[in-house]
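Asker: What follows is each chain in one-letter form.
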Amino acid sequence: MAEVNLVEAVNMALARAMEEDDNVVVLGEDVGVNGGVFRATVGLLDRFGKERVMDTPLAESLIAGMSIGMAAMGLKPVAEIQFMGFIYPCVDQLVCHASRLRNRTRGRLGCPMVLRAPFGGGIHAPEHHSESTEAIFAHIPGLRVVIPSSPSRAYGLLLAAIRDPDPVIFLEPKRIYRLVRQEVPDDGTALPLDVCFTLREGTDLTLVTWGAMVHETLQAADALADQGISAEVIDVATVKPLDAESILISVEKTGRCVIVHEAARTAGMGAEIAARLCDEGLLSLMAPVKRVTGFDTVMPLPRSEHYYMPNVKRILKTCRELVDYA
Amino acid sequence: MAEVNLVEAVNMALARAMEEDDNVVVLGEDVGVNGGVFRATVGLLDRFGKERVMDTPLAESLIAGMSIGMAAMGLKPVAEIQFMGFIYPCVDQLVCHASRLRNRTRGRLGCPMVLRAPFGGGIHAPEHHSESTEAIFAHIPGLRVVIPSSPSRAYGLLLAAIRDPDPVIFLEPKRIYRLVRQEVPDDGTALPLDVCFTLREGTDLTLVTWGAMVHETLQAADALADQGISAEVIDVATVKPLDAESILISVEKTGRCVIVHEAARTAGMGAEIAARLCDEGLLSLMAPVKRVTGFDTVMPLPRSEHYYMPNVKRILKTCRELVDYA
Amino acid sequence: MTRIAEFAVEYIQFLDPAGKPTQDIPPHLAEAEAITPMYRLMALTRTFDAKAIALQRTGQLGTYASSLGQEAIGAAVGLAMRQDDVLVPSYREQAAQFARGVTLEELFLYWSGDERGSRYSGPQFDFPISIPIATQSCHAVGAAAAIKLRGEPRVVVEGCGDGATSKGDFYESLNLAGVWHLPVVFVVSNNQWAISVPRSRQSGAKTLAQKAFAGGFEGVQVDGNDPVAVRFAMDNALERARSGGGPTLVEAVTYRLQDHTTADDASRYRDAEEVETAKQSDPMIRTRRYLESLQAWGDEDEAALKEECGRRVQEAVEAYLATPPEPPEAMFDSLYAELPGALTGQRAEAIKENSDG
Amino acid sequence: MTRIAEFAVEYIQFLDPAGKPTQDIPPHLAEAEAITPMYRLMALTRTFDAKAIALQRTGQLGTYASSLGQEAIGAAVGLAMRQDDVLVPSYREQAAQFARGVTLEELFLYWSGDERGSRYSGPQFDFPISIPIATQSCHAVGAAAAIKLRGEPRVVVEGCGDGATSKGDFYESLNLAGVWHLPVVFVVSNNQWAISVPRSRQSGAKTLAQKAFAGGFEGVQVDGNDPVAVRFAMDNALERARSGGGPTLVEAVTYRLQDHTTADDASRYRDAEEVETAKQSDPMIRTRRYLESLQAWGDEDEAALKEECGRRVQEAVEAYLATPPEPPEAMFDSLYAELPGALTGQRAEAIKENSDG
Ligand SMILES: Cc1ncc(C[n+]2csc(CCOP(=O)(O)OP(=O)(O)O)c2C)c(N)n1
Ligand SMILES: Cc1ncc(C[n+]2csc(CCOP(=O)(O)OP(=O)(O)O)c2C)c(N)n1
Ligand SMILES: [Mg+2]
Ligand SMILES: [Mg+2]
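Residue numbers (the working numbering), protein chains in the order written: chain A, 5 to 330; chain B, 5 to 330; chain C, 239 to 595; chain D, 239 to 595.
It is possible that part of the hints are untrue.
[As the list claims (entries may be wrong)] DEER-style ranges, computed between Cβ atoms:
| hint | chain 1 | residue 1 | chain 2 | residue 2 | range |
| --- | --- | --- | --- | --- | --- |
| 1 | B | Glu325 | A | Gly47 | 50 to 58 angstroms |
| 2 | A | Glu55 | B | Val199 | 53 to 61 angstroms |
| 3 | B | Asp26 | D | Asp322 | 15 to 23 angstroms |
| 4 | C | Ala268 | D | Arg241 | 17 to 25 angstroms |
| 5 | A | Pro169 | C | Thr240 | 48 to 56 angstroms |
| 6 | C | Lys590 | B | Val199 | 35 to 43 angstroms |
| 7 | B | Asp26 | D | Arg241 | 45 to 53 angstroms |
| 8 | D | Gly579 | B | Gln231 | 35 to 43 angstroms |
| 9 | A | Lys54 | C | Gln298 | 51 to 59 angstroms |
No lab work stands behind these hints: they were computed from the structure. Glycine included, every Cβ here is placed at the ideal spot set by N, Cα and C.
The shape of chain A in the complex, shown without the other chains (with noise of 0.2 angstroms):
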């Protein structure tokens, strides 16, 4: 079984679920014989054939809008977005129609569609290539939205995005894209969609993140761990919907609880996670919610990008607050 990064687990999850799916169809910009500009769908186009691997024009709302016409009627189109900065065209479309469609009729048209796009900061970037909106499409009823933060996340979840009968929002941390590598058996397995995974368990303190943050937020746990502090760490995974409840009992255990995400930190998801602890975990708190993610300012360009992101020592910082907190 050889091992994969994460880019590549992605692109072994699309010929997995074209070989196993004939509906399955993959389409975007460049995403043919460029192999997308990140080469997720890299021989794609040799395997499975120019009708079911789309080069499209260049135009997100209509790579949206298409889709749910093709996912209307019984397709499965996996589209690609190639960068999260683009993917705003295609919001109309999304909240009109993509998370309509079945409730609108009652059943009788569904929208299963994935639309995949890579995200976030750190890798030097021209403007708009660094974006973290997540939480935009969280709001969204209907939506599902699904953030894989390791190769073999990233293959049972993309499968189990494609398989699902909804739409799926699929953001790809491309810093992490090729950080590191993992055997991923190629065996069609799919990962749940909507719960949480605890990726390392703990009793002082529950750090919370999720996408390309699983690793500073990892490290983050290793070098508390040298300092005697448990910290559980929680992959989000599914930030729609999400699973709250995995979060609350580990809170309740640790009673402290830090989120940690790039995104802008008003109304992120941070938030959301914070407001349920604050409602349904209140008593269990030990300490105030602390989230450590990026500022409410435009992403820098390259130069600066880094004052912006969220890095180890911040999280650092804010565990120890929070575990000296009286």
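Chains B, C and D with the ligands: place on chain A using the hints.
Answerer: Chains B, C and D with the ligands only, in chain A's frame:
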């Protein structure tokens, strides 16, 4: 001094702003001879001419994008999006440009535009005419999001929004467009952006809300008073940037907080407010922070929309829960 | 300077406002058998329309968008399509929807604000009414791409208004249809108004048909109040699409005789005179006159048709009014194929909060 | 059927790839005085370009989009404009930006990922580079509307690529420009590729110039590697716009000789042969040959120009490399005209978190 309702106050502010600054222009679908589908722009065409009151083609991305172009050239466009349900094609231009132009050019070009849109449910309108997705915009750094809840605040806040040198999303709660009349002096006095308004002082509980829900919330506060419970009512008004300070101070006093909004619960602005309380205000909390909101469902069509809308009964029930909290 | 590309827009009309042929009608469209079904459908739609407005005025229906004066387009389009073709409609295509098998009761339910009105018992793959202007164009080309991928002899027909032609989605879809050679027909009901914005302020293009050139295919303009012209253009366009010839744009020129919707008051922005003039071009008049000229229609037929339409509409109204609203949990039950665990609590909350207890 | 509208696209070329006139050049464009400034600007741009790629390869610049082979368009467009006209550029219009007075150092800063690279010391109302494809079209028509409102004799020039013509924003802007008769020129640099998608898969339209017909105005196609043709078309279009004649779309046919950006590897998707063929049409070659044929350019001029370009670029590189990065709080300081109170805490936090202490 005439008494005006909320939509008339909007109209008054528009006329005032156009009167005092030649750079102010109004544009949108049906804003000219028709005076807007809700009559917010009525009379402006006659008074200021078709150069400054422009019916655009039916194209929302264009309306946002051309406003940016106008604003960069020194005009102060006030664009109307006919209903918030049709604002999504603007998201791209707002996220990628309006919110960034000043920052991107390090102050060389500004973007003094206002995008107005009626929003919210409860008026038995067709699909997409009852949306409340302020949280999406509140997540975007560089924007302001302002929501009036009375004729006088509509007048004062809209004037402030138009005079503001940065982009403002101005959301008008159409359910209360004609609910009450108030004496509003047309004296050009703006209200401050970025601060909450305390509409009612109280000691037992803080009710935080905005838009049309201010009215149900005030009714709930009345009913609570009858029960001997003193509720403070805060109208957030500017949901971005959020004046969390005022809310924190209030909850420090009351120890209890209920947030009321029409929008879907998950990742709504209520979450952000709860998160701030759970971080900076934890020690003052004598009970969980509760949200009375729309459900995480698509807003139902008119026959069932009342199932979705928060109402006085739900607010009261939640308030009682908190007051009775151990 | 070298001329490297040339384009032209043709205009098609067979029946003038008085129902007199302006040119030879192709035999298969000239006969009463071809015309009568369209006429009957137009009459049914008009009856439905009048009833819908009456219901709205008396608080028994929600906001309603009348298709008065535009019925020829829907009738011709709907009847030109095959059953397994796919209609992707806007909100003003009642006649086409009826032709497709959407029931009167379903459309009453829809306009009352009830999701069940879009759970068509008839055409299973027809799209529900799209309210956000032109967004449905993208669905149409997506559906057409699915059909093409599967090699099926089906065609997608998208309907929209003149205002819709200003939207990016409309154009992005034209462009895709052109470059992918998709089996789709775009039918633009140019009724001269987008609420209060007249056609002349909507686009500087002389015709809306020429928008097709931007997508690299043919556009044609027809008299949209002449069902024969619409049917002729549709037959051609559908045949072309079905046989792999790619997309066509059909601009059907008509006039919105009513307010934009029951929430609108068109007298604010347009002259009564213009409306009166437009009434002379009413598609029902010319169609009846033509049928009469064929000796294929008379007062008795008309009376019987009136009676039948009235009865069908009345039955549908009764069935609609007798349909109890859905329970509160309905807003959860079709949101996802299966309700996510995260929402079970809210579903219970909704039931509880909306119970009388 | 009646023909109700006709359209045609013309193609303009004055210099063939060898620099030989293919038709009479209008006198004011035929002379060396008209050509030399364009040639010099093209050379400067090409020198900048080569340096930018070298810097990127050695980790001293961020991702960079080369304009190799497309310099004639920018040079002709930029020099045709008046100072108080407004340029609304995409990311591949270096020559036009230089012509406008954007400095080499600013563009190096920009491509290094530094916001100060868009705080142009020169053209105060020119728009910064737009990365999201075609979004800038809307800004262009908005700016043009502002100019028209004020009755100023200024013109807005929007630049974009062939891929951009597929986007809704592009079309919505064309449509507005047409119906409002705006003083704007849309310049489409059709370099045959949108990353890996060839022009033929981008649109079924035979020319991109004909997209203008959807907006109701003229489109013209020019040889984009012929600076005289581009200049001629631009002079006409600018004059038309300035004198109230409304918009024009200029499709400039060229070829992207380099990878899409330094992050791309074009050999994955296009034949080396195609690129080699395209090199024969290099705009620099034909311009130089033509100047030589006028006896207006020789080896010495060329050597002096090379030296000058090299020196200017080197000076700019040094100034750029000597520019220290901004402090962390810069991300707050131009976000709003005045920092909202709600953000003062975060600003302090950012300074603290990014300090060494
Ligand atoms: C995207 C969008 N913007 C605005 C509206 C509000 N609106 C509803 S109908 C309409 C005019 C549509 O005109 P047209 O396309 O000509 O269709 P018609 O109503 O004339 O049939 C507008 C602006 C909408 N439904 N969708
Ligand atoms: C809206 C949007 N979608 C996708 C991208 C990613 N992208 C950058 S350049 C490009 C191709 C642009 O092609 P074209 O318009 O022909 O311009 P060129 O690069 O050839 O000059 C794409 C897809 C983007 N920048 N913006
Ligand atoms: Mg219309
Ligand atoms: Mg290109």
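Asker: Hint by hint, say whether it matches the structure.
Answerer: Taking the hints in turn, this is what the structure says about them:
For Glu325 (chain B) and Gly47 (chain A), the hinted distance range of 50 to 58 angstroms is satisfied, since their beta carbons lie about 57 angstroms from each other. A hinted range of 53 to 61 angstroms for the beta carbons of Glu55 (chain A) and Val199 (chain B) is consistent with their spacing of about 58 angstroms. For the hinted restraint 15 to 23 angstroms between Asp26 (chain B) and Asp322 (chain D), the CB-CB distance of approximately 20 angstroms keeps it satisfied. Distance hint check for Ala268 (chain C) and Arg241 (chain D): the Cβ-Cβ separation is about 24 angstroms, which falls inside the suggested range of 17 to 25 angstroms.
Between Pro169 (chain A) and Thr240 (chain C) the beta carbon distance is about 55 angstroms. The supplied range of 48 to 56 angstroms therefore holds. Under the hint 35 to 43 angstroms, the C-beta atoms of Lys590 (chain C) and Val199 (chain B), about 37 angstroms apart, fit the expected range. Between Asp26 (chain B) and Arg241 (chain D) the C-beta distance comes to about 47 angstroms, which sits within the given range of 45 to 53 angstroms. Checking the proposed 35 to 43 angstroms range against Gly579 (chain D) and Gln231 (chain B) shows it holds: the Cβ atoms sit about 36 angstroms from each other.
For Lys54 (chain A) paired with Gln298 (chain C), a C-beta distance near 53 angstroms keeps the hint of 51 to 59 angstroms intact.
Violated hints are absent here; each numbered hint is respected by the structure.
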